[in-house]
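Trainee: One-letter residues, chain by chain:
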Amino acid sequence: MRIPGLGNAADNPQHGTPGDDPEHHPRARDGRAPNVMRIGEWVPMRQHRDEDEVDFAIVGTGAGGGTLACRLAEYGFSVVAFDAGPYFRPLEDFASDESHQSKLYWTDERIVDGENPLQMGSNNSGKAVGGSTVHYAMVALRFRPEWFKARTLMGYGADWPIDWREMWHYYDQVEDDLKISGPVSYPWGPHRRRYHRRAHEVNAAAKVLARGAEAMGIDWTPTPLATISAPRGDAPPCVYRGFCTLGCSTNAKQSVLVTYLPRALKAGAEIRDLAMVGRIETRNGRATGVHYHREGRWRFQRAKNVVVAGYAIETPRLLLMSANQEFPDGLANSSGLVGKNLMVQGNQAVWGVFDEEIRSYKGPPSLAISEHWNYDDEGRGAFAKDFFGGYSYMSQGPLPQLWANTQASARGLWGEALVAEMQRYNHVAGLKVVSEYMPQERNRVTLSDVEDQYGLPVARITYSWCDNDKALNRHALKFLRQALEAAGGREVWDQSDDTCHLNGTARMGHDPRTSVVDADCRSWDIPNLWICDGSVFPTVGGVNPSLTVQAVALRTADRIFATRAT
Amino acid sequence: MLPRKDLYPGYDVLAKRDGPSWNAKTRAVLDERLGLGPQTRRFFDEAEWSTLTALAERIVPQPADRSDPVPVAALVDDKLASGRQDGYRDAGMPDEREAWRRGLRALDAEARARFGACFHDLNAWAQDELLKLAEAGALTDPAWDGMPSTLFFKHRVLGDVTKAYYAHPTAWNEIGWGGPASPRGYVRMGFDRRDPWEAAEAKPDREAEAFAENLRVGD
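As given, the protein sequences belong to chains P and L, one line each in that order.
For the first sequence, the numbering used here assigns the number 1 to the initial residue and increments by one for each residue that follows.
For the second sequence, the numbering used here assigns the number 567 to the initial residue and increments by one for each residue that follows.
Next comes chain P alone, as it looks inside the complex (with noise of 0.2 Å):
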C-alpha cells in the first residue's frame, strides 16, 4: 500500500542530501528554507546580512516568535526570526519513536530546585524551528473571560492589562489560521464562532472522560485541537497515530512551522535554524541588535527592534545575560521582576485499570476534555472550592516509554512488578488536569555558574507550591478519581508529582514598577524592546496556553504597526 504526499513518499532515497543533518547544519541558508510541506523541496528565503539593520530581530520561532513574525512580515516590516533548534522537514525527519524524537525538546542542562523542583525538557520545553509548538499536544482553548481580571473579579493573581473582548477576537483569528476542529458548540464561555473544521471521533480513553463527567453531572465536549479534521492545501486529516508530542510526520498538526513560519516566509520574513542568541546589545537606552551563535561562531546581527520569544526560562535567562553597564540588573528589569512569577501549571492525574481495551496510544492524545471547574467558582459539598484559580481535565494517551516513566517514578514500581503492571497498558486510562498555579515571586528563573555549550550561564529554575496550589491539587485529585471510578476504573492511583507548560517570567501589566512589559508587550525600560511569549502571562489560567500566546503574538503585531513611527 502507497499514500502519495504521505510520509511512504519518503522511502524514496533519491530525496536525501548528502550531508544533510538539520541537527548539526542550518538548512535555511544560501537564499531558501526548507518547504515542509513538501519532501525535498525548498521555498525561496529573503536574507539579510549582519550589517543590515533590520527592523526586527525575533528571538524564538514558536507560539510567540514565529506568529508575531509572520505578522510583521505581512505588515511589510523586515525581519529576522533566531532559533537555537534545527529547521525539521517533518515529513523526512520524525520517526514514530519516542527515543529518537527526543530531538524536538529542549535538553540543554538545566537545574531545578526548590521545595517542587519541576521536569523540564520533553515536558515543556521545545527546540526547534516552530518552538514548542512541534511537540505539544494542540489543544487549543481559550481563557475565561473573567481571568483577565483576575485581581479585580475573582481576588487572585493579577489583572492583565488587556479587554477579554479584544482577546475574543484574536483567539478568532488564531483558529482560523490554524483551522482548529473542535465541538458544534462549546459548554463553557460566552458565545464563540464555529470552528473550522468538524471535532475528531473520541477514541475509547475519551468515552471513558465522557462516561465520568455524566457520572458526575458535569459538562464534557470533544477538545478543540489544532490538527485538521479534513484537508488544508497539502496538509491531510489526522490520521490517529497518536505520536502528537512526539511531532507529527503527516503534517496534520498545525502547528507554527507548518503554519506561521511559511507565511513569514512567503512575506519576506528570514528564519535562521541553528541560531542561539547569548547576549541583546544595548546603547544609550536602546537595543541595537543580537549576538547569536551559528556555524561555529559568534556573530552580531544590527536591529530597530529586538523581541525576545524564547518562552519563560529562556527569555529571562537571555534578558538577565544581557546585562550590561547602562542595565546592571538585566534588560527590562527596573522594576526587579524579570525571572520571578513562574509559573507552571498542574499536571497532575489518576489512573485506573478497565475491563475493556482501551488502547489510549490512539488518536491524539487528548481528545476529551472537561472545563466544568474553570467556570464553577463554588463547588458543592465535598467538592466546595477552597482555593482560587481553577483546572481543566483531559484524556489522555501516553506512549510505553513515558508510561513505564510514569510507573516508576510517580508510581514507584520497579521490578516484576513494573513489568507485570507494563502488560495492563492497553486497559488503561486516566484522567489529568491542567490547572491554575498561583504567581509567586519565589518562583523564579536565575542565572547558575554552570556553564553551557556556547559558554553562557545555564539557567537554575526554583519552584514551589503555595498553600493555594495544594488546596487545588488536592480538590483535583479527589474530583478525577470519583470520575474515574464512576467511568469503570479500577485499582485508581494518583499521580501526584507532574506540571506543564511555562509562562510569567515577564509579565505585563498597567505599571512600571509591578510588570516588565506593557500592554504591546513592549518593555517599559527599552522602547525598542519587546516580549512575546509566555514570558508576559500575569496569570496563568486553567487551560493550555499555546493558543494565549498566539493571540497575544497577533495582537502585538498589529499594535506594532498601529504605533510605528511613521
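It cannot be assumed that every hint is accurate.
Listed next, the stretches of chain L that the computed footprint assigns to chain P, with coverage defined by at least 3 CB atoms under 8 Å from CB atoms of chain P [as the list claims (entries may be wrong)]:
#, stretch
1, 730-739
2, 742-753
Residues of chain P clear of chain L, computed beta-carbon distances all greater than 12 Å [said to hold, decoys possible]:
#, residue
3, D176
4, A204
5, I218
6, M321
7, V492
Everything labelled a hint here was simulated from the structure, so no lab data went into it.
Using N, Cα and C, we set each Cβ at its ideal position, and we do this for glycine too.
Take the given structure of chain P and dock chain L to it, following the hints.
Mentor: This is chain L only, laid out in the frame that chain P set:
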C-alpha cells in the same frame, strides 16, 4: 500483582516494518537500535558495566527463557555515549554521566561493605535490598560523594533503565502496543476495538485465536 504472561502470543511489531506503518526514518532509527548487541559498550568501563547489567535485570527483569533479551545496559550506555540528556538535573545531582558513574561505583561499594561481594555477584534478594535502601535514600557510603542515593535511584536508574527497556520492540510486543504508525495511523478508536494491524490480546481459553490474528498484523 498479576504475574507477567504471554498476553499477545505470536505478536511481533517488527512484522509491520515494511508496511505502511513504518516510514523510512522509523526504519532507519529502529535498525540502528536493533544493531546494539548485549555487549555494545562505549561509555561505561568494565566494572560499571557489570554493575549496570545486574542492576537493569532487577529493574526490568526478563524471562529466563527469552532467547534474545533486550540489551538494556547497552541502550543506557548508548544514551550516555551519544550525549542525549533529559535537559535538567536536580541541584543536588551532578550531570548525567557523572551521576551514572558515581552511582554505579557507590552501589558496588555498598555491596562490598554490606555483603562482602561485588553488586553483580550478589543474589537477587541482596541486590533488591540494596536498591530499596537506595530508593529510600538510606545509602551513604563516602563513594556517593554527596549525591543523594534516592535521587540517583529515581532520576537516573528508574528513568533511564525503564525508558531503555521500553524503547525496544521486544518490550512493545510484551505489552501489546501498536508500535510505529507513520503514516497509516489507526482507524478503530472505541472500546474493545482493534485494527487488524494491532496486537490481539489472548482472552481466557482463546489464545489460539489471538495467535492467529497476531500472525497477520504485517499483512
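Trainee: Indicate, hint by hint, whether the structure satisfies it.
Mentor: Hint-by-hint comparison with the structure:
no., hint, in the structure
1, 730-739, "holds (count 5)"
2, 742-753, "holds (count 12)"
3, D176, "26 Å, holds"
4, A204, "5 Å, violated"
5, I218, "21 Å, holds"
6, M321, "18 Å, holds"
7, V492, "17 Å, holds"
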